[in-house]
Amino acid sequence: MKRLLITCSSYLNPRHKAWEEMREQYTLEFSEYGDIHSIWSDRNKDACVLSIAFLDDLLDAQPKEESSKLLSDCCQYLIDNLTRRCEKSGELFIFGYSFSDTFDPIRGAKRFSQKWKERIHFAEALETLCERYKSFYVLDIDACLESLGTERAFDVRNWYFARTRLSSTGMERLVNSVTKIANRYQYPPRKVLVLDCDNTLWGGVVGEEGLAGLQLGTDGVGKVFFDFQKTLLRLKDEGVLLALSSKNNIEDVWEVFDRHDSMLLKRKDLVAAKVDWNEKPKNILSLSKELDLNVNSFVFWDDSPIEREKARFAIPEMLTVEVPSEIHHWPALLETMFEFKRFYVTDDDRQKTAQYEARYKFIESKNKAADEDSFLKSITLKGELIELNQSNIARAVQLCQKTNQFNLSTHRYAYEELLELARHNREFCVLARLADRFGDHGLVGLVCLRELDLKTLVLENLLLSCRVLGRKFEFWIMDKIISLAIKRGYQQLCGVFVDSGKNAVSRGFLPACGFVPVERTTESIKQLSIHIENAHLFLRDLRPLDSFDRSIYDNQH
Amino acid sequence: MTINIDELRKILKDVFRNSEIPEDITNLKLNDFEEWDSLGNFALLLAIEDRYKIKFDLSEMPNLNSVASILLSLDKRT
Numbered sequence: 001m002k003r004l005l006i007t008c009s010s011y012l013n014p015r016h017k018a019w020e021e022m023r024e025q026y027t028l029e030f031s032e033y034g035d036i037h038s039i040w041s042d043r044n045k046d047a048c049v050l051s052i053a054f055l056d057d058l059l060d061a062q063p064k065e066e067s068s069k070l071l072s073d074c075c076q077y078l079i080d081n082l083t084r085r086c087e088k089s090g091e092l093f094i095f096g097y098s099f100s101d102t103f104d105p106i107r108g109a110k111r112f113s114q115k116w117k118e119r120i121h122f123a124e125a126l127e128t129l130c131e132r133y134k135s136f137y138v139l140d141i142d143a144c145l146e147s148l149g150t151e152r153a154f155d156v157r158n159w160y161f162a163r164t165r166l167s168s169t170g171m172e173r174l175v176n177s178v179t180k181i182a183n184r185y186q187y188p189p190r191k192v193l194v195l196d197c198d199n200t201l202w203g204g205v206v207g208e209e210g211l212a213g214l215q216l217g218t219d220g221v222g223k224v225f226f227d228f229q230k231t232l233l234r235l236k237d238e239g240v241l242l243a244l245s246s247k248n249n250i251e252d253v254w255e256v257f258d259r260h261d262s263m264l265l266k267r268k269d270l271v272a273a274k275v276d277w278n279e280k281p282k283n284i285l286s287l288s289k290e291l292d293l294n295v296n297s298f299v300f301w302d303d304s305p306i307e308r309e310k311a312r313f314a315i316p317e318m319l320t321v322e323v324p325s326e327i328h329h330w331p332a333l334l335e336t337m338f339e340f341k342r343f344y345v346t347d348d349d350r351q352k353t354a355q356y357e358a359r360y361k362f363i364e365s366k367n368k369a370a371d372e373d374s375f376l377k378s379i380t381l382k383g384e385l386i387e388l389n390q391s392n393i394a395r396a397v398q399l400c401q402k403t404n405q406f407n408l409s410t411h412r413y414a415y416e417e418l419l420e421l422a423r424h425n426r427e428f429c430v431l432a433r434l435a436d437r438f439g440d441h442g443l444v445g446l447v448c449l450r451e452l453d454l455k456t457l458v459l460e461n462l463l464l465s466c467r468v469l470g471r472k473f474e475f476w477i478m479d480k481i482i483s484l485a486i487k488r489g490y491q492q493l494c495g496v497f498v499d500s501g502k503n504a505v506s507r508g509f510l511p512a513c514g515f516v517p518v519e520r521t522t523e524s525i526k527q528l529s530i531h532i533e534n535a536h537l538f539l540r541d542l543r544p545l546d547s548f549d550r551s552i553y554d555n556q557h
Numbered sequence: 001m002t003i004n005i006d007e008l009r010k011i012l013k014d015v016f017r018n019s020e021i022p023e024d025i026t027n028l029k030l031n032d033f034e035e036w037d038s039l040g041n042f043a044l045l046l047a048i049e050d051r052y053k054i055k056f057d058l059s060e061m062p063n064l065n066s067v068a069s070i071l072l073s074l075d076k077r078t
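In order, the protein sequences belong to chains A and B.
Quick note, the first sequence lines up with residues 1 to 557 if you use the numbering used here.
Quick note, the second sequence lines up with residues 1 to 78 if you use the numbering used here.
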């Protein structure tokens, strides 16, 4: 278990029950009272840190004069030391701070307080640190405690008795928020929200009341469902995949989606829909297969307690939300659900629905098709190899970090390493792009080659995003590598497979291309090679390559 | 208010998680074991406040440093 060093500018009760959840993930070590930053030193660069600064504590130790100057000095001192720590250590660092400004209606009526101004400067400096250092996170304690109210969250008696600022309730809120940050740092958010339709997306039962009888719009209960849908769309924009699981006639459901004026959610916002009379857990499990996403990343939202109970029993790994029967709480509950929260939203997140929808449709059609080869031929696959450049290197690095399944060596190349390969030979580090009838999948593969000697080329790694698996694209890429090797006069191509525990999918790939193990190879790190002549013949016999449009690459090289 | 002694024992166990709490706690007091130091005492008082929804006064807190004195203080409350 990782160590989490905890420091505070005053006393932070280590025996409070709120720390329990944190203790499951980290070994907690509390520092001496009031010593906030001596543990930020180099000798602790392998440990995670949580530091809490109450600015009043730092001022309290000083004489009263020039307190405004003192405050800005304190802030600068903290920023300097935080920067130093972040430069030296890449471990998780959570920094909480509180200015706990007192409100004075008379003074405040004419000017903003010194603390208020200082706080803005400080927040800006912290934000810069957040941007620059990946594992640095902040907690605005005053904002965190706001809904409790200052009078409940702080306790001046505790301050005088034990030099602790917060009340027990305030402490609990603070620790819970910190735990959420630490938790999200370690575990990704859930990905899929599975929704019921009747009395969940709208009020009433469409099969009975018909389109006109539904409650959905800008008044009364209808407004609650309207706002719930608004929140759903916001989640979707942040990368959450929305899917339906409803016992209904599908025509009835699509009628509401297509024809109800107040229906905010559209068919295109859904990654998939399972609308039939099957049991929901069965549908959800098949959905998980079709999207190739583990059910432990699913959340289920249904107004029916019976459906929820069945889901909980059949799929315990899925989070089945215990939704309140008073539906007016729904929009806020969904909005604040920690399970979906992420630190920031990337462009890639925003396109998640379209990407997974394409994958879902692909698998659905593939399962329906009579034979695989003619199906692949029918979907007009178009492959393309693109040299590494400034505009795509970030994507290449991301692929190296995120790809687990089809990844021969699972070497997590850094920016510089990839540049080095490409600098040696532009053809040795290339990205693969794929498009087909289901959409443009973008840059989904990476090839890393290295010259061993004049006769031998080494395939250091080949990886392919799991979104496009099942199209034999990897064989197309191999064909291109072989062509390159022939053109440049190599006689031997070597490859390697390193068992990462997650890349079983790619284990059989090199043997399937005709590679044979070299001497003294092991099970977990398999070294294989092939004579170029053999490779050429071998791949020519693999008919699936015919399904690709060959022209693009051949024009390139 | 009357306090169930077993419940108080459970609070002691929760707060002093690394210490052996004897069956009979009536004579226990501050410094009887390592964890029950002055800050441990503070944590204990806060846990009792949380459990019984009460608040001790700053002036009486320094004297609330044994099971007996805590019971006596709780007993005086309505």
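Note that these hints are calculated values from the structure, not bench results.
Note that this is a predicted model, so its numbers are computed, not measured.
You may find that some hints are simply not true.
Said to hold, decoys possible - Taking lysine to aspartate or glutamate and the DMTMM-like style, the derived pairs with C-alpha atoms no more than 25 Å apart in a straight line are:
1) K13(B) / E29(A)
2) K2(A) / E49(B)
3) K55(B) / D142(A)
4) K53(B) / E172(A)
5) K191(A) / E364(A)
6) K55(B) / E146(A)
Now the hints, each set against the structure:
1. Taking the CA atoms of K13(B) and E29(A), the gap is about 20 Å. The hint holds against a cut of 25 Å.
2. Under the criterion of a C-alpha separation no larger than 25 Å, the hint pairing K2(A) with E49(B) is inconsistent with the structure, at around 33 Å.
3. Under the criterion of a C-alpha separation no larger than 25 Å, the hint pairing K55(B) with D142(A) is consistent with the structure, at around 24 Å.
4. With a C-alpha separation of about 15 Å, the suggested pair K53(B) and E172(A) falls inside the 25 Å cut-off, and the hint holds.
5. Using a Cα cut-off of 25 Å, the hinted pair K191(A) and E364(A) holds, with the two alpha carbons roughly 20 Å apart.
6. At most 25 Å may separate the alpha-carbon atoms for a hinted pair to count; K55(B) and E146(A) meet this at roughly 22 Å.
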